[in-house]
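2 protein chains.
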Amino acid sequence: MDFAEYFPVFDRLDEAQQERLEKSAILKKIKKGTVMGSGSDDCLGLLLIRSGQLRAFIVSDEGRELTVYRLFDRDMCLFSASCMMNSVQFDISIEAEKDTEAWLIPISVYRDLMDESAVIANHTNEIMSARFTDVMWLMEQVMWKSFDRRLAAFLSEESVIEGSHMLGITHDRIASHLGTAREVVTRMLRYFQGEGIVKLSRGRIDILDEEKLRTLADGE
Amino acid sequence: MDFAEYFPVFDRLDEAQQERLEKSAILKKIKKGTVMGSGSDDCLGLLLIRSGQLRAFIVSDEGRELTVYRLFDRDMCLFSASCMMNSVQFDISIEAEKDTEAWLIPISVYRDLMDESAVIANHTNEIMSARFTDVMWLMEQVMWKSFDRRLAAFLSEESVIEGSHMLGITHDRIASHLGTAREVVTRMLRYFQGEGIVKLSRGRIDILDEEKLRTLADGE
Numbered sequence: 002m003d004f005a006e007y008f009p010v011f012d013r014l015d016e017a018q019q020e021r022l023e024k025s026a027i028l029k030k031i032k033k034g035t036v037m038g039s040g041s042d043d044c045l046g047l048l049l050i051r052s053g054q055l056r057a058f059i060v061s062d063e064g065r066e067l068t069v070y071r072l073f074d075r076d077m078c079l080f081s082a083s084c085m086m087n088s089v090q091f092d093i094s095i096e097a098e099k100d101t102e103a104w105l106i107p108i109s110v111y112r113d114l115m116d117e118s119a120v121i122a123n124h125t126n127e128i129m130s131a132r133f134t135d136v137m138w139l140m141e142q143v144m145w146k147s148f149d150r151r152l153a154a155f156l157s158e159e160s161v162i163e164g165s166h167m168l169g170i171t172h173d174r175i176a177s178h179l180g181t182a183r184e185v186v187t188r189m190l191r192y193f194q195g196e197g198i199v200k201l202s203r204g205r206i207d208i209l210d211e212e213k214l215r216t217l218a219d220g221e
Numbered sequence: 002m003d004f005a006e007y008f009p010v011f012d013r014l015d016e017a018q019q020e021r022l023e024k025s026a027i028l029k030k031i032k033k034g035t036v037m038g039s040g041s042d043d044c045l046g047l048l049l050i051r052s053g054q055l056r057a058f059i060v061s062d063e064g065r066e067l068t069v070y071r072l073f074d075r076d077m078c079l080f081s082a083s084c085m086m087n088s089v090q091f092d093i094s095i096e097a098e099k100d101t102e103a104w105l106i107p108i109s110v111y112r113d114l115m116d117e118s119a120v121i122a123n124h125t126n127e128i129m130s131a132r133f134t135d136v137m138w139l140m141e142q143v144m145w146k147s148f149d150r151r152l153a154a155f156l157s158e159e160s161v162i163e164g165s166h167m168l169g170i171t172h173d174r175i176a177s178h179l180g181t182a183r184e185v186v187t188r189m190l191r192y193f194q195g196e197g198i199v200k201l202s203r204g205r206i207d208i209l210d211e212e213k214l215r216t217l218a219d220g221e
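One line per chain: the protein sequences are A and B, in this order.
Per my numbering, residue 2 is the first one in the first sequence, and the count goes up by one each step.
Per my numbering, residue 2 is the first one in the second sequence, and the count goes up by one each step.
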């Protein structure tokens, strides 16, 4: 088990703490499309990603979704254990965007370690700060950036994540990431197509002009 | 000096830690309108508010402002010390909305205490979680709520903070809280006036129908 190698501050814990963590962590397989969190699942436990991809998102009363941040290999998901912290009072849902392998660390174990170890508590703080930074970035995007720039930034990011210029993603799915309606996405993608930036086909978007896309995303 | 009474987890620290905190904290008077943060001031130190009111806000490239959260008596301001945490990578500015008295705790002292004390580290975590909750609430507002509801919620909150139905606030100032242009605020306030919810005069807004304002804010 390579848990020790994946858990960031493992070396800085004492032996008893290391053992408690390692023994309690269970490696789980999470199928692509699985949604966790919101409601009773809130207190699933902490997830430490071995491989795969998760997205954290919020949902409006009308069922519209907005991706708040994404997690990749070696990232730790705090909000699958949000009940652990009294002051976290919002609902966030987690969805596996790819088949994911992650260690589930029980809340009771992690909470105890946080209480006794400044190392774990400060590490948790750093994770929280990183997610806070993600959310503040998103806030600036939704407040001050026009939708064409947000869509261009999203496609550009997707292309980096997938390592490809061919994106197998629906307009509906993009709408769920960006917190808007499918029609809005479709309209803007058609405009991008007209500009020669992308080529659209069913369930697929080909990026033809990456430079133009990046320039648009950067708002230059 | 009543610092001990204001610092939330003071009783749970050992004597040496208590002494270090108490000796290093300096009570400062911050005049209404003073802006701190962004750039070199980022690492001012932590502020523990004795009395007064601060707002934390972000600024767009074009100079438009958005209030992210507000702090009152006994609240602690972490982001006046954001350099303390490596993972905090966004700019936030702090403005005194009222004459404020606050203890300034030097970063070096607080950082040392965080490193050695799980109590302080976890307390910091709780503060961060509370601010995270504020920001997620705001995210939902700006994403899914129409501007009339946001403005109604803001006026209703102001009325509670001030303990009065007469608000001495300009349209420009409201725009800076809500991240929009003055004209947008003026237009919506005139609509509210037409509905008999408020009465507008120079630099002043009187709330005439609090119930209607709340109902609008709640979106019912």
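Please keep in mind that the hints were generated in silico from the structure rather than gathered at the bench.
The structure presented is a predicted model; accordingly, all values stated were derived computationally and were not measured.
It is possible that some hints are incorrect.
When chains are identical, the list treats them as one kind, so a pair holds in a single copy or across two.
Okay, derived cross-link-like pairs now, EDC-like style, lysine to aspartate or glutamate, Cα gap no bigger than 16 Å in a straight line [unchecked claim]:
#, residue 1, residue 2
1, LYS99, GLU159
2, LYS24, ASP210
3, LYS32, ASP62
4, LYS146, ASP62
5, LYS33, ASP3
6, LYS146, ASP116
7, LYS200, GLU127
8, LYS30, ASP135
9, LYS29, GLU96
10, LYS213, GLU96
11, LYS146, GLU66
Hint-by-hint comparison with the structure:
{"no.": "1", "hint": "LYS99 / GLU159", "result": "within (13 Å within a copy, 45 Å between copies)"}
{"no.": "2", "hint": "LYS24 / ASP210", "result": "neither (50 Å within a copy, 60 Å between copies)"}
{"no.": "3", "hint": "LYS32 / ASP62", "result": "neither (26 Å within a copy, 41 Å between copies)"}
{"no.": "4", "hint": "LYS146 / ASP62", "result": "between (24 Å within a copy, 10 Å between copies)"}
{"no.": "5", "hint": "LYS33 / ASP3", "result": "neither (23 Å within a copy, 55 Å between copies)"}
{"no.": "6", "hint": "LYS146 / ASP116", "result": "neither (41 Å within a copy, 38 Å between copies)"}
{"no.": "7", "hint": "LYS200 / GLU127", "result": "neither (40 Å within a copy, 47 Å between copies)"}
{"no.": "8", "hint": "LYS30 / ASP135", "result": "neither (26 Å within a copy, 33 Å between copies)"}
{"no.": "9", "hint": "LYS29 / GLU96", "result": "within (14 Å within a copy, 46 Å between copies)"}
{"no.": "10", "hint": "LYS213 / GLU96", "result": "neither (31 Å within a copy, 39 Å between copies)"}
{"no.": "11", "hint": "LYS146 / GLU66", "result": "between (18 Å within a copy, 14 Å between copies)"}
Checked against the numbered hints above, the structure breaks hints 2, 3, 5, 6, 7, 8, 10 and satisfies the rest.
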